[in-house]
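Chemist: This is what each chain is made of:
2 protein chains.
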Amino acid sequence: MIAEILSVGTELLMGQIANTDAQYVSRRLAELGVALYRHTAVGDNPARVKEALGEALSRADIVITTGGLGPTEDDLTKEMVAEYFGLEMQLHRPSLEAIEAFMARVGHPMGENNRKQAYFPVGALILPNACGTAPGCVVEAQGKAVAVLPGPPHELKDMFEKQLAPWLARRSGAHIESRFLRVFGIGESRLETMLKDLFHTDNPTLALYCGPGEVQARVSALAKDADAARAMIAPLEAEIRRRLGDAVYGEGADCSIEKTAFTLLKSRGETVTFAESCTGGLLAARLVGVPGASEVLGESHVTYADAAKARVLGVKPETLERYTAVSAECAREMAEGARRISGADWAVSTTGYAGPDGGADGTPVGTVFIAVAGKHGTQVKECHFRGQRAFIRTLAASWGFNMLRLEMEK
Amino acid sequence: MIAEILSVGTELLMGQIANTDAQYVSRRLAELGVALYRHTAVGDNPARVKEALGEALSRADIVITTGGLGPTEDDLTKEMVAEYFGLEMQLHRPSLEAIEAFMARVGHPMGENNRKQAYFPVGALILPNACGTAPGCVVEAQGKAVAVLPGPPHELKDMFEKQLAPWLARRSGAHIESRFLRVFGIGESRLETMLKDLFHTDNPTLALYCGPGEVQARVSALAKDADAARAMIAPLEAEIRRRLGDAVYGEGADCSIEKTAFTLLKSRGETVTFAESCTGGLLAARLVGVPGASEVLGESHVTYADAAKARVLGVKPETLERYTAVSAECAREMAEGARRISGADWAVSTTGYAGPDGGADGTPVGTVFIAVAGKHGTQVKECHFRGQRAFIRTLAASWGFNMLRLEMEK
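First to last, the protein sequences are chains R and A.
Going by my numbering, the first sequence opens with residue -14, and the numbers climb by one from there.
Going by my numbering, the second sequence opens with residue -14, and the numbers climb by one from there.
Just to be clear, a hint being listed does not mean it is correct.
Identical copies carry no separate label here, and so any pair may be met within one copy or between two of them.
[Said to hold, decoys possible] Derived pair list, reagent style DSSO-like, types lysine-lysine, alpha-carbon separation capped at 27 Å:
no., residue 1, residue 2
1, K35, K181
2, K251, K366
3, K181, K244
4, K360, K129
5, K129, K35
6, K395, K142
7, K395, K251
8, K244, K129
9, K209, K301
10, K395, K301
11, K35, K395
12, K129, K301
Bear in mind the hints are in silico, worked out from the structure with no lab data behind them.
Because the structure is a prediction, the values reported are computed rather than measured.
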């Protein structure tokens, strides 16, 4: 099965947003074993949408469109699909009711333009939207298929995962299975050297993907079914794990360093708290992003000002004066203070310069001290990150979770 | 002048990266007054690159390619441009010398495949690469132009700004100027109704873009220079602001609701603190993301467990028992307690069900209470959000900043 992606939205051609919808769908198609040969993006222009759709359908078996399902006049993807195949648009009453219920719940009046979102080409398979008003659909005609998905990324992902992926899996014969090994603390080029001789096979294949502070090693195999593919992956995966040891913190595209920390805490029946300065709530926010976080987190504190470090966490004024707030000593007292006041089993602290300015004493931007306090003592690490403010804060939080996980595994 | 972008790289079709090159070039073309009607991305496949190039040239005056200039065998963009126009490839000696000097400087041996990067279609205008080995070029033939740019974003940006932008500005007469008005609290379809009669002009134009919890209204004008374009935008912008009132919280593609709150706090010399339950640190983390946040934030607290709400913030046990933690009463006491213990001028609290589960009493997922406490009292809002856990938390944090801004502006 050969697919193409057609994204619709003037905001793409204006450069207001990157086409992350196309990226997401592409990655998932690769995992589902669907060949993808082209992305096209056009603006909210009926003639150009229809022209691009026709071209894509002349080359591909299925075209997946993203965007252009909103309530406004220039949202016209479904209409152009109908026009291309010569189909009428028809009201889908369950969709209208779902949209009315959605608008009532969010307290907005139902406009005439919202009704438009409940019309579909005759015969379309409707894909309900769990996250917004615009349902998607799959239209099959003339031996081809067009899957119409909404543009907002969270709506697109939810609809793709729950509805389009199973539909595609049923259609596609071959099976690609992939494992994503998540590696923390080893840079991409060192990793490439460590695994050099493992890259030279066609099936299974090994590829590295670089993320902020971590690398994913993807092992993929193509086979007649999932079991056969998994059997091909297993020995390569085992060899990678043997070489990388505890730098492999988890597996799966949905895995993250905070989920790994959460799972470890939960399995041990333990709790954690954070004392954040430069990360300013990121550690807590990322842990709370994991469903069930209340089982391992009761409270957490951001102490950004020196006075707050002293008053809330009990950092000694002498420590702040002698070593400054950006010091191993301060990080240690922050973590130990947070653990004491919260009664948590573990505490992780961060203090550093995320930029744009470094310390008045010449300490460079990117200097961050991270401490992990537990019942067997406190570990402190001095890190030197490079990049913009947001990137440094993200890395500091990730290293905090990584230190916590390694301490727990000791 | 009509342009198209053709991006070359299998990594785009695998979904390994988003096409940020296309986004960057699109934004700059809009600023330079060059009309852009389509993005296309294909893999590192000679036949498909050549086919897509021919199609793009049949529609556009200029095609800007990104990627496929590396030293490896599957990098073939220049070769396909030459083949399309029937031109020979020719060694460009200054480029070869620059590549040799670059490789010597970074300490890598010069390979035969690096020589390939110094070959160009006969007659091409060479665009030297200040950041890497691959020079770009502009090929003009058959009344059309193809600009060939490298794929790595920092190389592309440098080459675009220093070399292609001046070339394009000389070619293009017109100038496009845009203003982005940021609107919070009015949904896209209601906004469209409120501004309906303003959409029907060709120049300036008005368009709406939907983001999480907010909408951007873009006003663009095409004129002979920036001043003339701005003069065309001003009356339309004034009319939009008159209709939308305080729902317009800022202007500019880089603006955000937390930056607006930060700027207001700073201009008044006031401070804020947060008492977060379901947002779990997101409010603090987003405010700390703004450089200079230490001027307006000293401390902040995540109180996820009921016991933490009571102990850290002083929420009354009777309140928790009678109304539960997800209640207007609890949100109010959280905000007032946080303001009291921190000494901040303002406090914002959040408590709700972000999912996957709602309340044991049947309160649905997405129910969030947000309170803002200040010296003139406390406001509480009950919100009903829909979507995944991460989306609900993001919306709750955004609404918290919006309530804070509106309270300050009262």
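Chemist: Check each numbered hint from earlier against the structure, then list the numbers of those it violates in ascending order.
Modeler: Violated hints: 3, 4, 6, 8, 9, 10, 11 and 12; rest satisfied.
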